[in-house]
Each structure stands twice: as structure tokens, then as C-alpha cells.
Amino acid sequence: MQQLAVFSTSDAGGIDELTLSGLIRAADVTSIGGVRLDDDAITCLTDGVAGGLAYEVAIHPDADQNSESSTDALLSVLRPLADTAGIDVNIIPADGRRKRLLIADMDSTIITSESLDDMAVMAGLDDKVLPVTRRAMNGELDFTAALDERIALFAGQPSSLMSDALAESSLSAGAQTLVRTMKANGARCYLISGGFTAITGPIAAACGFDGHHANVLDVADDRLTGTVARPILDGDAKLQFMNRYCAELGLDHSEVAAVGDGSNDLAMLSHAGLGVAFHGKPTLRQTIGIQLNHTDLTGLLYLQGYRQQDFVTG
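Add 23 to a position in the sequence shown, counting from 1, and you land on the number used in the working numbering.
Please note that the accuracy of each hint is not assured.
Claimed, not checked - If you anchor each label on the Cβ, the simulated ranges turn out as follows:
#	residue 1	residue 2	range
1	Ser-44	Ser-186	49 to 57 angstroms
2	Asp-150	Asp-118	47 to 55 angstroms
3	Leu-194	Ala-117	38 to 46 angstroms
4	Asn-161	Ile-255	37 to 45 angstroms
Worth flagging that the hints you see were computed from the coordinates, not collected in a lab. Every residue gets a Cβ at the ideal spot worked out from N, C-alpha and C, and that includes glycine.
Using the sequences and the accompanying hints, generate a full structural model.
This is how it looks when you write it as C-alpha cells:
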């Protein structure tokens, strides 16, 4: 099975050829398990040659590419060096790269912040809410219990907090381009969030998602009641929605790209053909091998073999 190493960054300076060559040489010197990069098979995925934002480099054809331990060992050498240079490196199969279904988390993925935390700041509850959010997203707390605990603090607060949080939210760089490009190439795209429908709806529309699913905050007389409607959309539910859309579209998990940042994204990322931890929390980065820590959401397009000239931005 032919594999590729994909190098990417969103740094304005791009990846200079000297740095890329240095990374390739470092991998070649180690030659762990006989796996090494082929310096005769380098492709720039962005405009220009020098200072490109993404490159793919083939694993040398003589290497044992079917050995997961060998490719993991190669990555363990490459990634720390690349991290130092502000570059992501991921090793992926060369075949079947373009996916036909995208499942994306919202908070700290499609948007730059945690919407519930934004609401907490506006309500003066940040000292009680934010620490729980951090622990929950790192997998230290049960998701449902942590959500109930935080939402109970909002009892009696105006429901307009949700629209206020939406107004303050910002799309992550590359979010619209990711969705528009995949849809233009025949993929279906869904926003699946442990957040709230009052926010996922407008965000999904702004990006062009085909649909969205999230939790619903209970409201009475324009005030939050402090409860969340059941059933709770947690990590297991995200996987269930992924399975549902695979069944509806006649797709296999190998044809799915999924992206998220928190522990409640682990199940869907683990089952997707291309599961990507996007600026992931520590627990996710320890588990999910494909990571974007220095590249915006267009990194998912590079991983699928799209070139910058293929991007749909308008």
C-alpha cells in the first residue's frame, strides 16, 4: 500500500525548500524499519514552488509500507522536528484520499471558540463554567454530567445569550473553503455538535453545510430554564449520526472525513477513514494519529490530495 507524508502549515512564510529537505534528510538518516521518504517524489500542493503551504512526499517504494509500527516510528521522528518549524506532518494512504462525507464538530473547530464559554463570560459565570469545560473537553469528566452542571448555572438568564454568543463567534480560517470545496466535488457535509442548535443553525448556513445537529437549551418566557432537552448529543451520538449518514448515502466509513478537537469527538474520529484532530485537546492528540496543529481547516483538503488551485472560496 503506497503511503504519503503530507507537510502543511498556515504560516505566512510557508514551507521553504531548505526546511523540507532537512526533514526529509532526518527521516532518511533514521530509516527506521526501512521506511524512508522518497526525495524524488515531492509534489507542491500550493501555488509556486518555494514557500508553498503544503507538500506531499511519497514513502520510498522499497520501504515496508505495510508495517504500522515502522510508519509510526518514522512519524515519531518527523513530527517533533516539524512541530518546531510550525509544520504539520501526517502519513496517509495514497489511495482513496478524497472523501464523500464530512462530519465536523463546531466549537473550537468550525468556529474559533467554545460557544457555551462565550455565554458564560457574558453572564458573569466564566469562573464556574470555563474550568468544567476544559476538563470535559479533555475527557476528565462525563460529557452529559458536565453539560448539565454548567447549564444549571444559567437558570433565569435571558435566552438572548445564545444570539449574543453567535454574534461574537468567528469562523475558523478555512472553514468555508473546506465545506465549499468538498461539496463542489460531490461530498455531503454535516455539522454535528455538542453545542446548541440556536448557534449551529446559522453557522451551518454560513459555511454551506447540508445539515446540522446539536443540543437544545430549554427556554421559558425568554429565559433559560437551566436544563437541556433530551436526548443529549454526546460523543456516542456523533458517531451514530455518522453511521446514519453513511447508511443513507451508501458509504463506508473509509469514505468519511471527520474533524474535531475534544474528547467527545474521539469515537467519530476513530471510525472515520480520515479522522483529524484539529488543534486537539491533549487526550485527543495522544490517541488520534492524524493531526492539524499548525494548519487551518484547508489542511483537510491537502490531506485529501486537493491542490490550492482546486479550492472553492466563493
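Cross-check of the supplied hints:
{"no.": "1", "hint": "Ser-44 x Ser-186: 49 to 57 angstroms", "in the structure": "holds, 51 angstroms"}
{"no.": "2", "hint": "Asp-150 x Asp-118: 47 to 55 angstroms", "in the structure": "holds, 50 angstroms"}
{"no.": "3", "hint": "Leu-194 x Ala-117: 38 to 46 angstroms", "in the structure": "violated, 31 angstroms"}
{"no.": "4", "hint": "Asn-161 x Ile-255: 37 to 45 angstroms", "in the structure": "violated, 19 angstroms"}
The structure shown violates the earlier hints numbered 3 and 4.
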